[in-house]
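S.K.: Chain A is fixed; fit chain B onto it per the hints.
Chain residues, written in single-letter form:
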Amino acid sequence: MAPPEAPRRARLELLVRRDGADDGFEVREIGSALAFIRSRPQRVPEDSFELAEVASRVDGQRSFILKNTATDRFLLITEPERFLWEQMNGTRSLQEIATAYVLKYGEFDFDVIPHLIRKLQRAQLLTVTPTSRLRKALARHRRQPVAKMAESALTVLERVNISSRNVQDGFRLAYRFGGFLLFTPAAVVLCAVLAVFGLVAGVRLWPDAERVVSGFGRSPLMAVLSVKLLFLVTVAAHQIVHGLALVHYGRRVREFGFTFLHGFVPTFYVDVTDIFMGSRRARVVTAVSGALVHLVLGSVWLLIALRATPGSFLQAFAAASGMIQWQAFVVALYPFCFIEMDGYHVLVDVLGIPTLKQDAMHHVATMLRGAAGPRFTRQEALYVGYVAVSAVSVAAFIAFNVWMIIHAS
Amino acid sequence: MRLFRNVDDTDLATFARSLREQPLRRGQVLFREGDLGDEMFLVRAGSIVVSKGVTGRVEQVLARMGPGDFFGEMALFDRSARSATIQADTDVTLLLLDRDALARLTADSPRAAAAFFQSLVHVFIERLRASGELVAEVTRWGLEATGLDVESR
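Which chain is which? The protein sequence lines are A and B, in order.
Using this note's numbering, the first residue of the first sequence is number 636, and each one after it goes up by one.
Using this note's numbering, the first residue of the second sequence is number 422, and each one after it goes up by one.
Keep in mind the hints are simulated off the structure, nothing from the lab.
Note that the coordinates shown come from a computational prediction; the quantities given were computed from them, not determined experimentally.
Fair warning: there could be bad hints in the mix.
What the hints assert, rightly or not - Interface residues of chain A toward chain B, partial, derived using beta-carbon atoms under 10 Å:
| # | residue |
| --- | --- |
| 1 | Ser674 |
| 2 | Leu729 |
| 3 | Ile748 |
To be verified - Computed Cβ-Cβ distance ranges for the label pairs, DEER-style:
| # | chain 1 | residue 1 | chain 2 | residue 2 | range |
| --- | --- | --- | --- | --- | --- |
| 4 | A | Arg643 | B | Glu547 | 17 to 25 Å |
| 5 | A | Pro680 | B | Leu564 | 19 to 27 Å |
| 6 | B | Arg447 | A | Ala782 | 24 to 32 Å |
| 7 | A | Ala705 | B | Arg446 | 48 to 56 Å |
We treat Cβ as the ideally placed atom computed from N, Cα and C, and that holds for glycine.
The following block holds chain B by itself, in its conformation from the complex:
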């Protein structure tokens, strides 16, 4: 998993002990936008869909995630409500890391925690770029779907 690529084997074993496995059947919702939570999840097997409500029963797909990807870390750090809904696209196996386990890990193994947070920052940067791309794509879709001419307004 890319999140642990800078963590050495000894620390990795410590991490592994902090993780709990959680299965999710196809179509099942793990949590909804607005729910409270204090854990992050890593996808061990299968694929999940990240979506955000648009109108009624329609939601926009923000991302799809597969083995090695992770999500839910925002609530872990800022204690705010979930910003998106997560559902399983296939049968999924997740690994769960809660706030207490992360705090213990940071106290017991600061070096491993630093490596972990550094990987986290790299992924955040990638996601920020992807979000920008998505905003541009959605804007372009809106312009094309309505035939709106902005250039000569």
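Extracted from the complex, chain A is given alone in its bound form:
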């Protein structure tokens, strides 16, 4: 007998009127599932609950009693539930909380989250706010034309998503017909050799940088933009290698596609969440392997630049492509840049702090408001260090790119 079909999720059609326009509107269809995962559960204020630990003398397991001091209702929660409760501070979406849960416990039993939410709602310990912080901020400043334009552009771009969930067979085939070679010791050696040669090529080109970029001729800015466009294609290769790594470790690629990250960064993506069920080594290899695509391509481009006719367009194009690929390699693996890229995931995995960025930002914001104590614990020092290093790194990255563009012009 066929299993009963899951009930269809409810959908709402909402009409959003364009600000200031008398006769402009758009209709958005919003599924309840999307609203649920984007909602940001907010626990009651600190003075409205108490949390006490209960250690079992039989099996040594820790559990907790959560009390709503306003209603005198008690809840018995487990250690993972306490972790989830701590995440529910109104700043993290359920999607982010689920990711933190998987990283912390390596479990994919997401039922625990709606189950806990129901318990907390029954005990009146939780409210759910379905809003995005960025969109909220833009909405607040909608009277400013720039914010209004940014909001409209984000709305359009956020909807661009070309993806498929039926990609596992494709990745499996690609792995069988050559992809497996990327995960052999020979590939690692080749990668290291190329990196060394690429680095040497880069160092040898550097003194002649001005002559190299002069190969772009009269329109250096257009040339740099075309280099960036070509780079976008290689981002697809980066994601494909992540997918191949999943197949290598016997896990499933759930989705592959193209979208605008945060509404404005065009990017390809692959859903690698299944790797959380694998070992730490598998997670690290999956994270690093994608970034190595940029290392290899960057080195190849720099070698081409070195061999090309000095001052030619090919040399300039290859050198710029090599530079941008190396930059992408560093950015992907460098964990201190406020962006949750491959290196960041490796770092939080190693540290065992899945919500490092969110916790660090929250702590520093509290500090700047003068609400934090004068002494740091080890964890608080880590938070401050993360924010400080990330801020300096981002500033340096922007300065370097501005310098490069000015130099190229």
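M.R.: Positioned in the frame of chain A, the structure of chain B alone reads:
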């Protein structure tokens, strides 16, 4: 048009004379919730969206209507303010029937008017059922979006 399916050809010609054509360009609002009015509209071509304000610039879509559908009849009968906003989803051609024209029609051709009102009642029943479905869908959406467990409360 389903509203005139029980009206014979002679009476239909009388009806047609009472209707005025009104174009609406894509995106244009015909009337807003709370406006006053004393006419109903029939969609001759194109598609319109019926919405009701929820918060700020956000409104809930209650229905979409295409050729043969009609709206605005509530204000025609009870003289109350418009209960929803109507805007054109595409370029639209509407036919307008105002209160005076309907009164004249009822006086001149009671049989045609009776057929017209009977069709109107059938559509009202359908809309009442659709409203019930919409309320249930919206309630289900709210429960699913918040994860609220009502069964064991």
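S.K.: Decide, hint by hint, whether the structure agrees.
M.R.: These are the hints, each one checked on the structure:
1. Ser674: The hint holds - Ser674/A has a Cβ within 10 Å of chain B, the shortest such distance being about 7 Å.
2. Leu729: holds, 8 Å
3. Ile748: Where the cut-off is 10 Å and the nearest Cβ of chain B is about 8 Å from Ile748/A, the hint holds.
4. Arg643/A x Glu547/B: 17 to 25 Å: Because 22 Å falls inside the window, the suggested range holds.
5. Pro680/A x Leu564/B: 19 to 27 Å: holds, 26 Å
6. Arg447/B x Ala782/A: 24 to 32 Å: holds, 27 Å
7. Ala705/A x Arg446/B: 48 to 56 Å: The hinted range 48 to 56 Å holds for Ala705/A and Arg446/B, with Cβ atoms some 55 Å apart.
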